[in-house]
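Just so you know, the sequences run in chain order D and Z. Quick note: the first sequence, position 106, residue 686 per my numbering, numbers continuous. Quick note: the second sequence, position 68, residue 1038 per my numbering, numbers continuous.
Note that these hints are calculated values from the structure, not bench results. Keep in mind that the hints are not guaranteed to be accurate.
Here are the computed lysine-lysine pairs in the DSBU-like style, where the Cα-Cα straight-line distance is at most 30 Å [stated by the list, open to error]:
id : chain 1 : residue 1 : chain 2 : residue 2
1  : D       : LYS690    : D       : LYS639
2  : D       : LYS690    : Z       : LYS1080
3  : D       : LYS639    : Z       : LYS1169
4  : Z       : LYS1081   : D       : LYS596
5  : Z       : LYS1169   : D       : LYS689
6  : Z       : LYS1081   : D       : LYS689
7  : Z       : LYS1081   : D       : LYS714
8  : Z       : LYS1169   : Z       : LYS1080
9  : D       : LYS689    : Z       : LYS1080
10 : Z       : LYS1081   : Z       : LYS1169
11 : D       : LYS690    : D       : LYS596
12 : D       : LYS690    : Z       : LYS1081
13 : D       : LYS596    : Z       : LYS1169
14 : D       : LYS596    : D       : LYS714
15 : Z       : LYS1169   : D       : LYS690
16 : D       : LYS714    : Z       : LYS1169
Rough simulated footprint, nothing fancy, chain D against chain Z, three-plus residues with beta-carbon under 8 Å [said to hold, decoys possible]:
id : stretch
17 : 1053-1065
18 : 1090-1103
19 : 1228-1241
In this text, all values refer to a predicted model and were calculated from it rather than measured experimentally. In this text, a Cβ means the ideal position worked out from N, Cα and C, and glycines have one as well.
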Amino acid sequence: MEKKVHATEEQLAYAKLLDMGMKLGMLALIITFIVYVLGIFTPHIPVNDLPHYWSMPVKDYLRATGIHPGWAWLGMLGRGDFLNFLGIAFLSGVTIFCYLRVIPIFFRKKDTVYGILAIIEVLVLVLAASGILKSGGH
Amino acid sequence: MSRILLALFFLGMAVMTVLVGAASAIATTEPAAALPAAAGSSMPWWAWPAILFIVTFVLGIVAVLGGVGGGVLFVPIIGGFFPFHLDFVRGAGLLVALAGALAAGPGLLKKGMADLRLAIPVALIASSCAIVGAMIGLALPTNVVQTALGATILGIVGIMLMAKKSEYPDVQQADNLSTALRISGVYHEVSTGQDINWKIYRTPQGLALFIIIGVMAGMFGLGAGWANVPVLNLLMGAPLKVSVATSKFLLSITDTSAAWIYVNNGAVLPMMVVPSIIGIMLGSIVGVRILARTKPAAIRYMVIGLLLFAGTRALLKGLAIWN
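Only chain D is shown next, with the shape it has when bound in the complex:
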């Protein structure tokens, strides 16, 4: 059985993209958070009111604030608090791009099984991110 002392090509490619994505996401997170707390864009929920809302169950919070779940935040990017979802969504999506990066490497190396596994993983993560799957709530 072949042994690997060093990380494989696909592992290094994945790591490189993950590193870049993590740093970009972190940067987006910091910048949008600074914009938020400095009040450059008016937030949907005033920061003084936050302690009232963060102690509510999410169901009550959504009703009280008039916020719609799912990808509705895309239409509220002009609000300081919702601008932060750019960084959050980016960090939550980095793994999908890392998988897309290694799929061609697997197929080039004729590692068909891992290529197919990676494709299925992308489909699973895209389904989770789509917002199609809803919970009943408690």
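Model the placement of chain Z on the given structure of chain D, informed by the hints.
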């Protein structure tokens, strides 16, 4: 090392202090809030994000060394001692665990400590099941979820305490599935200077357990390092450091699917999530540097201690004994 740690900590603290100070000044110029003050808390609103940052920075270091997601520590500690509702704590916990894993992943992969071939089949099962678990968890009563979580973690602590050999498990022969998937490797143990050959066995049983782990990770709103490490190490026979590193990397995939379910259901507050993520990511970067120079036995005892505390806390809170 200590200089890096201190520099990162004080840099983060300085930034957070400036930010919350500025935000506080701006907030006091806004019209008085029409809403009543939050019950049970006399702290100004900006104090909680600042405290969150400090606590999650420490958790970020500890989580990497313990091979657990930050979420498994974050949820009981923040949920127990901060004024946030558990729905938001669980959503933030998953994003915190995800961010910690994203920060640690590149370094662990490049050093060959985390193994992509081992992670991919495991991650596919765990992340698919985490979606199902997240949907169930958001529908179940909170006390039921917490009680089950506490019992599970304490069970894993018991298994780890009884295990006699786990730093370098003696795997005589790889099983057929791991051989077909070519899951094996060599990693360099810095603390002893040795190259460690490893292979795994009981792969079908291990993959089957990741169905349960995935469901539980999503259901509890936590990371899954507390279960990943014992299964990879004790059941499948991967060396402890490979198990810890691969588990940490694995969280970046499993928690991605579960986190999206929480994000899409509205259980994410940026003022709570962002200071936590920044704190955990800075802590994780420091933790990875320490991990490469730490002996496996020390990591194992830290894992056991962390799991014991987190499990006890979750169980007692679920039973309304320690609220």
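Against the structure, the hints come out as follows:
Restraint check for D:LYS690 and D:LYS639: not satisfied, since their Cα atoms lie roughly 49 Å apart, outside the 30 Å limit. Taken as a hint, the D:LYS690 and Z:LYS1080 pair is honoured in the structure, with Cα atoms around 23 Å apart against an allowance of 30 Å. With a C-alpha separation of about 47 Å, the suggested pair D:LYS639 and Z:LYS1169 falls outside the 30 Å cut-off, and the hint is violated. Of the pairs offered as hints, the one joining Z:LYS1081 and D:LYS596 holds, with about 12 Å between alpha carbons and a cut-off of 30 Å not exceeded.
Distance check on the hinted pair: Z:LYS1169 and D:LYS689 sit about 22 Å apart at the alpha-carbon level, within 30 Å; holds. The straight-line distance between the Cα atoms of Z:LYS1081 and D:LYS689 is roughly 22 Å, inside the 30 Å bound, and the hint therefore holds. Proximity of Z:LYS1081 to D:LYS714 is assessed by CA-CA distance (about 39 Å); at most 30 Å being required, the pair is judged violated. At most 30 Å may separate the alpha-carbon atoms for a hinted pair to count; Z:LYS1169 and Z:LYS1080 meet this at roughly 19 Å.
With a CA separation close to 20 Å, the supplied pair D:LYS689 and Z:LYS1080 stays within the 30 Å bound. For the suggested pair Z:LYS1081 and Z:LYS1169, the alpha carbons sit about 18 Å apart, so the restraint of at most 30 Å is met. With a C-alpha separation of about 22 Å, the suggested pair D:LYS690 and D:LYS596 falls inside the 30 Å cut-off, and the hint holds. Our distance criterion of 30 Å between C-alpha atoms is met by D:LYS690 and Z:LYS1081, whose separation comes to about 25 Å.
The straight-line distance between the Cα atoms of D:LYS596 and Z:LYS1169 is roughly 26 Å, inside the 30 Å bound, and the hint therefore holds. For the proposed pair D:LYS596 and D:LYS714, the alpha carbon gap of about 34 Å is over 30 Å, so the pair is violated. Distance check on the hinted pair: Z:LYS1169 and D:LYS690 sit about 22 Å apart at the alpha-carbon level, within 30 Å; holds. For the hint linking D:LYS714 to Z:LYS1169, the alpha-carbon distance of about 40 Å lies beyond 30 Å, and the restraint is violated.
Taking a C-beta to C-beta cut-off of 8 Å, the stretch 1053-1065 of chain Z contributes 7 residues in contact with chain D, enough for the three needed, and the coverage statement holds. Check on the stretch 1090-1103 of chain Z: 7 of its residues sit with their Cβ under 8 Å from a Cβ of chain D, so the three-residue criterion for coverage holds. Chain D is given as covering the stretch 1228-1241 of chain Z, and this holds because 13 residues of the stretch bring a CB closer than 8 Å to a CB of that chain, at least three being needed.
When the structure is compared with the earlier hints, violations turn up for hints 1, 3, 7, 14, 16 and for no others.
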